[in-house]
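Visitor: Sequence:
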Amino acid sequence: MVIVMKPGVSQETIQTLVAQLEQDHGVTVGITNGVGCSILGLVGDTAHIDMDKLSLNDDVERVMRVQEPYKKANRKFHPEDSVADVSGVPIGGGKFTVIAGPCSVESEEQITGVAQDVKKAGASLLRGGAFKPRTSPYSFQGMGSDGLELLLEAKAATGLPIVSEIMAPRYCELFEEKVDLVQVGARNMQNFDLLKEVGRLSKPILLKRGLSNTYEEWIMSAEYIMAAGNENVILCERGVRTFETYTRNTLDLSAIPAIRKMSHLPIVVDPSHAAGMYWMVEPLAMAAVAVGADGLMVEVHNDPPHAKCDGAQSLTPEKFRHLMGKLNPLIELMGKALA
Numbered sequence: 014m015v016i017v018m019k020p021g022v023s024q025e026t027i028q029t030l031v032a033q034l035e036q037d038h039g040v041t042v043g044i045t046n047g048v049g050c051s052i053l054g055l056v057g058d059t060a061h062i063d064m065d066k067l068s069l070n071d072d073v074e075r076v077m078r079v080q081e082p083y084k085k086a087n088r089k090f091h092p093e094d095s096v097a098d099v100s101g102v103p104i105g106g107g108k109f110t111v112i113a114g115p116c117s118v119e120s121e122e123q124i125t126g127v128a129q130d131v132k133k134a135g136a137s138l139l140r141g142g143a144f145k146p147r148t149s150p151y152s153f154q155g156m157g158s159d160g161l162e163l164l165l166e167a168k169a170a171t172g173l174p175i176v177s178e179i180m181a182p183r184y185c186e187l188f189e190e191k192v193d194l195v196q197v198g199a200r201n202m203q204n205f206d207l208l209k210e211v212g213r214l215s216k217p218i219l220l221k222r223g224l225s226n227t228y229e230e231w232i233m234s235a236e237y238i239m240a241a242g243n244e245n246v247i248l249c250e251r252g253v254r255t256f257e258t259y260t261r262n263t264l265d266l267s268a269i270p271a272i273r274k275m276s277h278l279p280i281v282v283d284p285s286h287a288a289g290m291y292w293m294v295e296p297l298a299m300a301a302v303a304v305g306a307d308g309l310m311v312e313v314h315n316d317p318p319h320a321k322c323d324g325a326q327s328l329t330p331e332k333f334r335h336l337m338g339k340l341n342p343l344i345e346l347m348g349k350a351l352a
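My numbering numbers the first residue of the sequence shown as 14 and each following residue consecutively.
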């Protein structure tokens, strides 16, 4: 339930109403102070609350029931766009942020070299997989904690905050210590035990959309994280599974304006995993900018033909520089600034 207060109502009056609602109805009330008015978001069992009685309050402008099952991620509770802070790098809020790096960390030379290249081209965050979820149990599974150490060396050499994927709750303490932006991958989008655990971390969370999940299911997964205490969540569209087999996945660009309407959380796009082919990354990335995404996650590898993971969809540093050169004018045209 949402209660819109009339313009000019004092914070003291609002706090009195909040205390009354929490005491009488056992709900939790969040306060959003917007331009000109305040909005109260009631979380809990609101079915027994009399909307008409609340509407009779002289300080209340309007009372609405929220039909969606998500509360904290709902734009109705939080009208203004959220901005995630990743170790000083903003995602959202009029800034356009590019995350780039290899699918997996393979060596010190590889990850540090790629980090230097993507930073020079304009990326603000370095991605790199240390723990890799693979379809085949015989495929390269990543370097594990050693990979995180190499990411930290690349961070020390470039200053780029690092992004890496967490696979299980037992790694939470390790990621809290070493990673700037914790990624929950598509296959773990509905791993609710993991979502609850990362919700207890202080680090921001990048939540990728599952292979076959709806917008509401995706936002509900974000709600799990936020309900556990961590409201610094970024959504990532990376393509969904459809009947089409030409591409690895089908990039759902309609997700960006849809999520904008449904939620206040920032949203970035991963064109690399969507296409599965390096030559499609550039046009899909430009399309993502055009429809209003807050950023991109692009796979970049120094030697794609010999990459241990996802070489076919990785750009070389040279191709990434070319992409950034084409993106910059479009980002400015969209009224944003490169973070």
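The set of hints was computed from the structure by calculation and includes no laboratory data.
Be aware that one or more of the hints could be misleading.
To be verified - Simulated pairs of lysine-lysine, BS3-like, Cα-Cα distance not exceeding 30 Å:
id : residue 1 : residue 2
1  : Lys349    : Lys89
2  : Lys132    : Lys339
3  : Lys133    : Lys274
4  : Lys274    : Lys216
5  : Lys19     : Lys66
6  : Lys133    : Lys19
7  : Lys274    : Lys89
8  : Lys321    : Lys66
9  : Lys321    : Lys349
Nothing here was measured: the structure is a model prediction, and the numbers come from that model.
Visitor: Decide, hint by hint, whether the structure agrees.
Guide: Now the hints, each set against the structure:
Taken as a hint, the Lys349 and Lys89 pair is honoured in the structure, with Cα atoms around 24 Å apart against an allowance of 30 Å. For the hint pairing Lys132 with Lys339, the CA-to-CA distance comes to about 16 Å; that is within 30 Å, so the pair holds. Only pairs whose Cα atoms come within 30 Å are accepted, and Lys133 paired with Lys274 is rejected, the gap being roughly 35 Å. In summary, the hint linking Lys274 to Lys216 is supported, as the alpha carbons are separated by about 26 Å, within the 30 Å threshold.
Using a Cα cut-off of 30 Å, the hinted pair Lys19 and Lys66 holds, with the two alpha carbons roughly 16 Å apart. Taking the CA atoms of Lys133 and Lys19, the gap is about 50 Å. The hint is violated against a cut of 30 Å. For the suggested pair Lys274 and Lys89, the alpha carbons sit about 9 Å apart, so the restraint of at most 30 Å is met. Taken as a hint, the Lys321 and Lys66 pair is broken in the structure, with Cα atoms around 63 Å apart against an allowance of 30 Å.
Restraint check: the Cα-Cα separation between Lys321 and Lys349 comes to about 35 Å, which exceeds 30 Å; the hinted pair is violated.
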